[in-house]
Amino acid sequence: MSEKEFDYYLKGEKGEYEVVIGLEVHAQVLSDAKLFSSSATKFGSEPNSQVSLVDAAMPGMLPVINKFCVEQAVKTGLGLNAKINTFSKFDRKNYFYADLPQGYQISQFKHPIVGEGKVILDMPYGTKEVGIERLHLEQDAGKSIHDQDPKNSFVDLNRSGIALMEIVSKPDLRSPGEVGEYIKKLRSIMRYLNTCDGNMEQGSLRADVNVSVRKKGSKEFGTRCEIKNVNSIKFMQQAIDYEARRQIELIEEGNEVDQETRLFDTKKQETRSMRSKEDAHDYRYFPDPDLLPLRLEDSYIEDLKKGLPELPDHKKQRLISEFKLSNYEASVIISDQAVSTYYEEVAKNSDYKLASTWLMGELFATLNKEGKDITESPVSAVNLAKMINLIKDGTISGKIAKTVFEEMIKNDVDPSKIVEDKGLKQTSDPKEIENIVDKVLETNQDKVEQYKSGKDKLFGFFVGQVMKEMKGKGNPQMINDILKNKLK
Amino acid sequence: MTITKDTVKKISKLSRIASNEKFEENMIKDLNAILKFVDQLNEVKIENIEPLASTVEQELIKRDDEVKKMNEKKDILINSPEENDDFYVVPKVIE
Numbered sequence: 001m002s003e004k005e006f007d008y009y010l011k012g013e014k015g016e017y018e019v020v021i022g023l024e025v026h027a028q029v030l031s032d033a034k035l036f037s038s039s040a041t042k043f044g045s046e047p048n049s050q051v052s053l054v055d056a057a058m059p060g061m062l063p064v065i066n067k068f069c070v071e072q073a074v075k076t077g078l079g080l081n082a083k084i085n086t087f088s089k090f091d092r093k094n095y096f097y098a099d100l101p102q103g104y105q106i107s108q109f110k111h112p113i114v115g116e117g118k119v120i121l122d123m124p125y126g127t128k129e130v131g132i133e134r135l136h137l138e139q140d141a142g143k144s145i146h147d148q149d150p151k152n153s154f155v156d157l158n159r160s161g162i163a164l165m166e167i168v169s170k171p172d173l174r175s176p177g178e179v180g181e182y183i184k185k186l187r188s189i190m191r192y193l194n195t196c197d198g199n200m201e202q203g204s205l206r207a208d209v210n211v212s213v214r215k216k217g218s219k220e221f222g223t224r225c226e227i228k229n230v231n232s233i234k235f236m237q238q239a240i241d242y243e244a245r246r247q248i249e250l251i252e253e254g255n256e257v258d259q260e261t262r263l264f265d266t267k268k269q270e271t272r273s274m275r276s277k278e279d280a281h282d283y284r285y286f287p288d289p290d291l292l293p294l295r296l297e298d299s300y301i302e303d304l305k306k307g308l309p310e311l312p313d314h315k316k317q318r319l320i321s322e323f324k325l326s327n328y329e330a331s332v333i334i335s336d337q338a339v340s341t342y343y344e345e346v347a348k349n350s351d352y353k354l355a356s357t358w359l360m361g362e363l364f365a366t367l368n369k370e371g372k373d374i375t376e377s378p379v380s381a382v383n384l385a386k387m388i389n390l391i392k393d394g395t396i397s398g399k400i401a402k403t404v405f406e407e408m409i410k411n412d413v414d415p416s417k418i419v420e421d422k423g424l425k426q427t428s429d430p431k432e433i434e435n436i437v438d439k440v441l442e443t444n445q446d447k448v449e450q451y452k453s454g455k456d457k458l459f460g461f462f463v464g465q466v467m468k469e470m471k472g473k474g475n476p477q478m479i480n481d482i483l484k485n486k487l488k
Numbered sequence: 489m490t491i492t493k494d495t496v497k498k499i500s501k502l503s504r505i506a507s508n509e510k511f512e513e514n515m516i517k518d519l520n521a522i523l524k525f526v527d528q529l530n531e532v533k534i535e536n537i538e539p540l541a542s543t544v545e546q547e548l549i550k551r552d553d554e555v556k557k558m559n560e561k562k563d564i565l566i567n568s569p570e571e572n573d574d575f576y577v578v579p580k581v582i583e
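Top line first, the protein sequences correspond to chains E and Z. Numbered per my numbering, the first sequence spans residues 1 to 488. Numbered per my numbering, the second sequence spans residues 489 to 583.
This is chain E alone, in the form it adopts within the complex (with noise of 0.2 Å):
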């Protein structure tokens, strides 16, 4: 790791500025119904077609909390290395909008289900521990849709009392590139507990982005606006810097920053202020009188810790020792639990470093031109090993390699047997290569001449021509061997 400083400082006229910020990620649990009903929760269908009574808020209907949801927001939170609440309550957060039928939003205020935790980052100054303030369960809303009509909004209610786990951190972030590694710590930690997908195009994970800004050096925080709903890191890092860069201008101008909700619109680029919540903070929680509180058995906690996967901390070290990759290739490697598994696969049956060289090079390039995840990879890692083999014992030289990669992409079979049908088979016997160096020195008499009087240079020529010859497929080794051999 390079000993490169942080250096997130915004100038000012009047000095430097740190900034500093807070998430606050909605996540959707991966679970087959929603939170307190037996609705589906699959994106994508068509329009309140995934809508119950319960949902749509009718009188008389009672919320039933789903308990694998519950069990997802605890693995999350071992995840986060954070507290798991035997006790923890289900409050009701008042406001009125069109996408939320109940006027209220069921919640946990004051007892959420996770307590404090932290996530590691790995940035290029060194390591950072962000902290977490808690994890609770609540209702997603449903969607507003404006664009439709112009002067009605459509409410897709589909969405509606999904269970979304909300994850707020400490202020502990200061710049844009942190909180980009946030995000995608805890997708990354998400989507190896298999508790929420990710998507960020579909929704599944977005924040709410807390950002404040202080003079460089001082211990007191500023007063923090609050960046509703942003969708996506690119976004959420250009609100951050617009923000900041706007509340450093009033403060200079001598102006206050006032505690507020802003939006921040993509195309534009800024923030602006939300006048609609205005009292938005006022939300008069109480407890929920249909839901009784929700007690977790210690043991219960226990036998989902015992259960949980492998997280990427941990895989990370694992590979660094196992396979003595280094801190970036693993870094890379564990980002996506699909890539390690494969990645693992290839390495424990073949050469660990041709593997992680073969899977972030040509292997990544080819997903990369076709659009496809590790999950579609048109080269199965049981192939992709058997070739690693080829090049390891001889039969076909890293050069040959690549000929035979391309092949396996368009059809995905043991590549012996390509190497077989194409007649791709490193020669390696010396006396074959023997002959055609003679034959490549007789015939270039001239260039032997110049290189013996010095001119180096024309070794690589040999080499290439009596590559040519051979139509690639001479052992490099060999050729280079003999043919310094023969020009001494």
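Just so you know, these hints were derived from the structure itself, not from any lab. Wrong hints could be hidden among the right ones.
Stated by the list, open to error - Residues from chain E shown here face chain Z by an in silico Cβ test under 10 Å; the list is partial: (1) Ser31; (2) Asp55; (3) Phe68; (4) Phe87; (5) Ser144; (6) His146; (7) Asp149; (8) Ser153.
Since the model is a prediction, treat every value here as computed from it, not as a measurement. Built from N, CA and C at the ideal position, the CB exists for glycine as well.
Given the structure of chain E, go ahead and fit chain Z onto it with the hints provided.
Below, chain Z without anything else, positioned relative to chain E:
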């Protein structure tokens, strides 16, 4: 705590209940009387007593993660203020 005219106005706004002068006067009177009644509870000594989350001595009932509800769109959308095959249609709400 005393309920003033401002409190009533604020609560009316938050709960989307239309108010007028007479309504507000009545509310101030009623709500203050209710608060005074409830204030009697302050006489009870509650140190060392944990707040009670519920008076029901029962475990929270839980359901399995199973989808049981099928498409009930027709029944649901009957309640929309305006007719539409796919959506609830409401007066425009936008920032």
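Status of each hint after checking the structure:
{"no.": "1", "hint": "Ser31", "in the structure": "holds (5 Å)"}
{"no.": "2", "hint": "Asp55", "in the structure": "holds (8 Å)"}
{"no.": "3", "hint": "Phe68", "in the structure": "holds (3 Å)"}
{"no.": "4", "hint": "Phe87", "in the structure": "holds (8 Å)"}
{"no.": "5", "hint": "Ser144", "in the structure": "holds (7 Å)"}
{"no.": "6", "hint": "His146", "in the structure": "holds (5 Å)"}
{"no.": "7", "hint": "Asp149", "in the structure": "holds (8 Å)"}
{"no.": "8", "hint": "Ser153", "in the structure": "holds (5 Å)"}
The structure is consistent with each of the numbered hints, conforming to all of them.
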